[in-house]
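J.: Here the protein sequences come in this chain order: A and B.
All residue numbers for the first sequence refer to the working numbering, where the first residue is 19 and numbers rise by one.
All residue numbers for the second sequence refer to the working numbering, where the first residue is 395 and numbers rise by one.
By construction, these hints were calculated from the structure, which means they are not laboratory data.
Here the structure is a predicted model, which is why all the values come from computation and not from measurement.
There's no promise every hint is true.
Using 27 Å as the maximum straight-line C-alpha spacing, the simulated DSS-like pairs for lysine-lysine come out as follows [stated by the list, open to error]:
| hint | chain 1 | residue 1 | chain 2 | residue 2 |
| --- | --- | --- | --- | --- |
| 1 | A | 74 | B | 458 |
| 2 | B | 414 | A | 125 |
| 3 | B | 435 | B | 408 |
| 4 | A | 78 | A | 125 |
| 5 | A | 86 | A | 122 |
| 6 | B | 449 | A | 117 |
| 7 | A | 122 | B | 408 |
| 8 | A | 86 | A | 70 |
| 9 | A | 86 | A | 125 |
| 10 | A | 117 | A | 70 |
| 11 | A | 74 | A | 117 |
| 12 | A | 95 | B | 414 |
| 13 | A | 70 | A | 95 |
| 14 | A | 125 | B | 449 |
| 15 | A | 78 | A | 117 |
| 16 | B | 435 | B | 414 |
| 17 | A | 95 | A | 125 |
| 18 | A | 122 | A | 70 |
| 19 | B | 408 | A | 117 |
| 20 | B | 414 | A | 74 |
| 21 | A | 78 | B | 435 |
| 22 | B | 414 | B | 460 |
| 23 | A | 95 | B | 449 |
| 24 | B | 435 | A | 122 |
| 25 | A | 86 | A | 117 |
| 26 | B | 460 | B | 435 |
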Amino acid sequence: GDSVTQMEGPVTLSEEAFLTINCTYTATGYPSLFWYVQYPGEGLQLLLKATKADDKGSNKGFEATYRKETTSFHLEKGSVQVSDSAVYFCALSGGGSEKLVFGKGTKLTVNP
Amino acid sequence: GAVVSQHPSWVICKSGTSVKIECRSLDFQATTMFWYRQFPKQSLMLMATSNEGSKATYEQGVEKDKFLINHASLTLSTLTVTSAHPEDSSFYICSARPAGGRGNQPQHFGDGTRLSIL
Numbered sequence: 019g020d021s022v023t024q025m026e027g028p029v030t031l032s033e034e035a036f037l038t039i040n041c042t043y044t045a046t047g048y049p050s051l052f053w054y055v056q057y058p059g060e061g062l063q064l065l066l067k068a069t070k071a072d073d074k075g076s077n078k079g080f081e082a083t084y085r086k087e088t089t090s091f092h093l094e095k096g097s098v099q100v101s102d103s104a105v106y107f108c109a110l111s112g113g114g115s116e117k118l119v120f121g122k123g124t125k126l127t128v129n130p
Numbered sequence: 395g396a397v398v399s400q401h402p403s404w405v406i407c408k409s410g411t412s413v414k415i416e417c418r419s420l421d422f423q424a425t426t427m428f429w430y431r432q433f434p435k436q437s438l439m440l441m442a443t444s445n446e447g448s449k450a451t452y453e454q455g456v457e458k459d460k461f462l463i464n465h466a467s468l469t470l471s472t473l474t475v476t477s478a479h480p481e482d483s484s485f486y487i488c489s490a491r492p493a494g495g496r497g498n499q500p501q502h503f504g505d506g507t508r509l510s511i512l
């Protein structure tokens with residue numbers, strides 16, 4: 019079945035550092051790919067998405083590019099802030115299913 | 395836009411009590427809503443898919459009689475944890491997908507309900 023593999027955390031960075039969180043997937047067909055963010059005690063918020071190969075999703079300084087050849091959707095940000103501290107989930111949906119398949123999540127802590 | 399409201403945000407109750415959690419899409423209609431359970435420091439586990447006007451589709455291993463789902467309108471789905479016990483304590487999150495449009499529309503999540511059974 020479909021699956022998402024996300025780099026394990028936790029990740030701890032200093033403010034203004036560069037962030038990469040790796041995400042690879044296994045799916046039949048052409049899934050849509052998502053990054054969600056969860057702040058402490060809250061539900062998930064959609065951060066960005068990409069629906070086809072070579073699409074780049076971007077929001078709030080975060081970016082991820084849908085790479086079909088490497089089945090990847092790595093999340094990047096050039097300069098993280100303390101307020102970016104959260105858990106980040108990579109997810110996919112596809113194959114005609116409405117269901118989201120999530121990675122295990124990566125906890126990011128940004129120190130001032 | 396695309397706001398999902400979940401209520402209550404936190405419930406503490408005695409073992410044996412039934413607890414109802416509401417999930418509302420505030421500014422869009424949702425033919426499909428999803429219920430997830432999240433254990434501490436873990437990912438979300440899909441419990442069931444709720445379709446307006448029909449029975450919910452439960453994931454393997456989820457007890458239908460334990461977790462009752464009702465999706466009576468295009469903006470409201472409810473999850474009732476019946477005769478809750480301490481092992482049901484968890485963070486429950488709902489999501490909703492806007493009706494219409496293409497099938498790749500994202501799900502929008504509520505803020506979750508933390509359920510603690512004493």
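J.: All hints are to be evaluated individually against the structure, with a verdict given for each.
T.: A quick look at each hint next to the structure:
1. A/74 / B/458: violated, 40 Å
2. B/414 / A/125: violated, 30 Å
3. B/435 / B/408: holds, 25 Å
4. A/78 / A/125: This hinted pair holds, its Cα atoms lying about 18 Å apart.
5. A/86 / A/122: holds, 21 Å
6. B/449 / A/117: holds, 16 Å
7. A/122 / B/408: violated, 31 Å
8. A/86 / A/70: holds, 8 Å
9. A/86 / A/125: holds, 26 Å
10. A/117 / A/70: This hinted pair holds, its Cα atoms lying about 17 Å apart.
11. A/74 / A/117: holds, 22 Å
12. A/95 / B/414: violated, 40 Å
13. A/70 / A/95: holds, 21 Å
14. A/125 / B/449: The given pair, whose Cα atoms are some 36 Å apart, is violated under the 27 Å limit.
15. A/78 / A/117: Distance of about 26 Å is within 27 Å: holds.
16. B/435 / B/414: OK: residue 435 of chain B and residue 414 of chain B at ~24 Å, within 27 Å.
17. A/95 / A/125: Satisfied, since the Cα-Cα distance of roughly 15 Å is no more than 27 Å.
18. A/122 / A/70: With a Cα-Cα distance of about 23 Å, the restraint between residue 122 of chain A and residue 70 of chain A holds, given a limit of 27 Å.
19. B/408 / A/117: Violated: residue 408 of chain B and residue 117 of chain A sit about 33 Å apart, past 27 Å.
20. B/414 / A/74: It is violated: about 40 Å lies between the C-alpha atoms, which goes past 27 Å.
21. A/78 / B/435: With a Cα-Cα distance of about 25 Å, the restraint between residue 78 of chain A and residue 435 of chain B holds, given a limit of 27 Å.
22. B/414 / B/460: Satisfied, since the Cα-Cα distance of roughly 12 Å is no more than 27 Å.
23. A/95 / B/449: violated, 42 Å
24. B/435 / A/122: holds, 9 Å
25. A/86 / A/117: holds, 20 Å
26. B/460 / B/435: Distance of about 24 Å is within 27 Å: holds.
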